[in-house]
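Chains as they are written, first to last, in our numbering: chain A, 100 to 208; chain B, 584 to 700.
Bear in mind the hints are in silico, worked out from the structure with no lab data behind them.
Any given hint might turn out to be false.
[Stated by the list, open to error] The following label-pair restraints were derived from C-beta to C-beta distances:
#, chain 1, residue 1, chain 2, residue 2, range
1, A, Ala109, B, Asp642, 18 to 28 angstroms
2, B, Met610, A, Asn121, 26 to 36 angstroms
3, A, Asn121, B, Ser648, 30 to 40 angstroms
4, A, Asp106, B, Asp634, 34 to 44 angstroms
[To be verified] When the alpha-carbon atoms are kept at most 25 angstroms apart in a straight line, the in silico DSS-like pairs for lysine-lysine are as follows:
#, chain 1, residue 1, chain 2, residue 2
5, B, Lys640, B, Lys654
6, B, Lys601, B, Lys636
7, B, Lys653, B, Lys640
8, B, Lys654, A, Lys195
9, A, Lys195, B, Lys653
10, B, Lys640, A, Lys195
Here the structure is a predicted model, which is why all the values come from computation and not from measurement.
For glycine and all other residues, C-beta sits at the position ideal for the given N, C-alpha and C.
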Amino acid sequence: SQQGEEDPQALSIQEGENATMNCSYKTSINNLQWYRQNSGRGLVHLILIRSNEREKHSGRLRVTLDTSKKSSSLLITASRAADTASYFCATAWAGKSTFGDGTTLTVKP
Amino acid sequence: DVKVTQSSRYLVKRTGEKVFLECVQDMDHENMFWYRQDPGLGLRLIYFSYDVKMKEKGDIPEGYSVSREKKERFSLILESASTNQTSMYLCASSYWLAGDSSGNTIYFGEGSWLTVV
Numbered sequence: 100s101q102q103g104e105e106d107p108q109a110l111s112i113q114e115g116e117n118a119t120m121n122c123s124y125k126t127s128i129n130n131l132q133w134y135r136q137n138s139g140r141g142l143v144h145l146i147l148i149r150s151n152e153r154e155k156h157s158g159r160l161r162v163t164l165d166t167s168k169k170s171s172s173l174l175i176t177a178s179r180a181a182d183t184a185s186y187f188c189a190t191a192w193a194g195k196s197t198f199g200d201g202t203t204l205t206v207k208p
Numbered sequence: 584d585v586k587v588t589q590s591s592r593y594l595v596k597r598t599g600e601k602v603f604l605e606c607v608q609d610m611d612h613e614n615m616f617w618y619r620q621d622p623g624l625g626l627r628l629i630y631f632s633y634d635v636k637m638k639e640k641g642d643i644p645e646g647y648s649v650s651r652e653k654k655e656r657f658s659l660i661l662e663s664a665s666t667n668q669t670s671m672y673l674c675a676s677s678y679w680l681a682g683d684s685s686g687n688t689i690y691f692g693e694g695s696w697l698t699v700v
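Here chain A stands alone, though its shape is the one from the complex (with noise of 0.2 angstroms):
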């Protein structure tokens, strides 16, 4: 069953603006992942955060994790048009995970 559950299902800015997307789970995680899919392709991880930390970034991105609210937020600051792509959160727990149905983003030029 799908844990994740991201927030909007799709979002539309311009260019340098920054775009946040929110993840929900339900139950216990070790860690939780933010993937990217660009149309028709795989997904490519972007970056993971454990179950004891709060906040990571990595380059424009940042990450944070509320385990009490069992909730995760992705910011993308000075979007680009080519960070145009669909966004899923993963919840892993004892080696499997478990994606949401992902955040549809567009960036206009």
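Based on these hints, arrange chain B on the given structure of chain A.
Below, chain B without anything else, positioned relative to chain A:
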């Protein structure tokens, strides 16, 4: 870089045909996975494997089987393809470090688009 290679990018098969989707990874990963992805349904896990000759059912195993005879290769088999199996199929792999379940970065192939007519 890790590479997960799916043998076929696009396939068209007839209802009732036996279909093999092959996947090879080059990083000596213990874990391998098969997902299918459909609009509005996200990624759903079909089968996964933690080791050679081992397999575990995922969330939607019905109508599928898998084979893992070698560590680097994980095959998905549709014994008798049906139109509701038209989908994009994604193979993936990850390492497993004993005693450390906090890892699990998953590496995906480019996907196989299967159309059953």
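Going through the hints against the structure:
Checked against the given bound of 18 to 28 angstroms, the beta carbons of Ala109(A) and Asp642(B), roughly 24 angstroms apart, stay inside it. Here the CB-CB span from Met610(B) to Asn121(A) is close to 32 angstroms, well matched to the stated 26 to 36 angstroms. For Asn121(A) and Ser648(B), the Cβ-Cβ distance of about 37 angstroms falls inside the hinted range of 30 to 40 angstroms, so the restraint holds. One distance hint, 34 to 44 angstroms for the beta-carbon pair Asp106(A) and Asp634(B), holds here, with the actual separation near 37 angstroms.
The straight-line distance between the Cα atoms of Lys640(B) and Lys654(B) is roughly 18 angstroms, inside the 25 angstroms bound, and the hint therefore holds. A C-alpha spacing of about 21 angstroms is found between Lys601(B) and Lys636(B), which places the hinted pair at or below 25 angstroms, so the restraint holds. Only pairs whose Cα atoms come within 25 angstroms are accepted, and Lys653(B) paired with Lys640(B) is accepted, the gap being roughly 19 angstroms. Simply put, Lys654(B) and Lys195(A) have alpha-carbon atoms about 18 angstroms apart, close enough for the 25 angstroms limit, and the pair holds.
This hinted pair checks out: Lys195(A) and Lys653(B) have alpha carbons roughly 21 angstroms apart, not beyond 25 angstroms. Between Lys640(B) and Lys195(A), the direct Cα distance comes to roughly 11 angstroms. Compliance with the 25 angstroms bound is thereby established for this hinted pair.
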